[in-house]
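Enquirer: Chains D and C, in that order, are what the protein sequence lines are. Here the first sequence stands for residues -11 to 189, where the numbers follow the working numbering. Here the second sequence stands for residues -11 to 189, where the numbers follow the working numbering.
One or more of the hints may lead you astray.
Heads up, the list lumps identical chains together, so a pair's fine if it works in one copy or across two of them.
Stated by the list, open to error - Taking lysine-lysine and the DSSO-like style, the derived pairs with C-alpha atoms no more than 30 Å apart in a straight line are:
1. K148 x K123
2. K126 x K147
3. K147 x K123
4. K45 x K(-6)
5. K68 x K(-6)
6. K148 x K68
7. K45 x K123
8. K126 x K45
The hints are simulated quantities; they were obtained by calculation from the structure and are not laboratory data. Note that the structure is a prediction, hence the values are computed from the model and not measured.
What follows is each chain in one-letter form.
There are 2 protein chains.
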Amino acid sequence: MNIPSKYLERAVDQLSSLPGIGKRTALRMALQLLNREVDEIIDFSSAIIELKNNTSKCEICGNISDTQICFICSNLNRDKTIICVVEDIRDVMAIEATQSYNGLYHVLNGVISPMDGIAPSDLNINSLIQRADSKEVKEVIFALSPTMEGDTTNYYLYKKLKNSTILLTTLSRGVAVGTELQYIDGHTLGRSLASRQEFTI
Amino acid sequence: MNIPSKYLERAVDQLSSLPGIGKRTALRMALQLLNREVDEIIDFSSAIIELKNNTSKCEICGNISDTQICFICSNLNRDKTIICVVEDIRDVMAIEATQSYNGLYHVLNGVISPMDGIAPSDLNINSLIQRADSKEVKEVIFALSPTMEGDTTNYYLYKKLKNSTILLTTLSRGVAVGTELQYIDGHTLGRSLASRQEFTI
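Excised from the complex, chain D in its bound form:
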């Protein structure tokens, strides 16, 4: 692309560094930004800078937070005996949105993936082992994505934690609510048959 302004080119380069954004979309974004008022542009830029300056990772669970300890870890009404291990803060948000979990979280900030060069030491795993060592914790739930990398990480965590007296659980695998049986992939269907549950009302 032959961009007629070096400032526009720089803005396009920066915007196209965002995930999933190519040069053409970045150009469309830059031109839309250019059409805004100066104070709107300053609002936009300062929101990005303040995000970096004013947020940090919760010292206990690794969730993003405006304070040293996140609002979940500091909430006295949460059940401190259960820790739910997730990959990403978006998973915390997804589980919180279900309103069916009242324990704490532990955000690994990724999963073990040798293909992407992510080793256990790159993840927030040591602090999980330390937390699990405390007498308060009774259960650790592995709530990682059911992918190869997620399963590898589950297995690694299991090996690290199996000698403790803590109950180790994982999300149940099975048929998603609302899907039609004929469209479910064979692997999922097979597993949910094998791990069938007693029917209760």
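Here the structure of chain D is known, so what remains is to put chain C in place on it, guided by the hints.
Expert: Coordinates of chain C only, in the frame set by chain D:
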């Protein structure tokens, strides 16, 4: 979405104000930005602010430019007798990329669209009429998109300019290069049959 940080929420709001970006994509962008170093974040934000502060519209043609007069209008090698009227600076870039035009441009910054509340007075049309008044200009090419709004704008410009001695032309309509005949829409095919050209080698 229940975002655990008000700074993250603000960044997501701002990023989702970009065209084509929803809240989920904005969250993904914000988290990717958050993982960058502070100086990278400052580079990102300053690129947006400097875009607004350091670029302006060329005083002659309305193209985006780092200088008062854009590099096309100030280029002495360009043919100043032809003005190509386009909707957007991206159209200038598209035509420049063909390397088959050496005249000047005039960027309307939109097309007449009563549905979107865009009247002729909202566009960069008066300055086009003034430019066309100069003795130097011999031809005005209407290079607007072949849409209802583009055609309306073409017709409006035609009415404004038809009394001058300037040659008024438009991009040829017809079959796009490389398309298979069976997949061309009937309207385009009908028009390109009606306006068939003598075959030359």
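Enquirer: Look at each hint and say if it fits the structure.
Expert: Structure-based check of each hint:
In this assembly of identical chains, K148 and K123 lie within 30 Å of each other by CA distance solely inside one copy; the values are 17 Å within and 84 Å between copies. Within a single copy, K126 and K147 get their C-alpha atoms as close as 17 Å, which meets the 30 Å cut-off; across copies the closest is 81 Å, which misses it. For a Cα distance limit of 30 Å, the shortest separation of K147 from K123 inside one copy, 19 Å, qualifies, whereas the shortest one across copies, 84 Å, does not. With identical chains, the CA atoms of K45 and K(-6) are at most 30 Å apart between copies only, with a shortest distance of 14 Å across copies and 36 Å within one.
For the homomeric pair K68 and K(-6), the shortest alpha-carbon distance between copies (25 Å) is at most 30 Å, but the shortest distance inside one copy (54 Å) is not. Taking the shortest Cα distances, K148 and K68 sit within 30 Å of each other inside one copy (21 Å), while across copies they are farther apart (75 Å). In the homo-oligomer, the alpha carbons of K45 and K123 lie at most 30 Å apart inside one protomer (24 Å), although the nearest pairing across protomers, at 67 Å, exceeds that limit. Taking the shortest alpha-carbon separations for K126 and K45, only the intra-copy value of 24 Å comes in at or below 30 Å, while the best inter-copy value is 65 Å.
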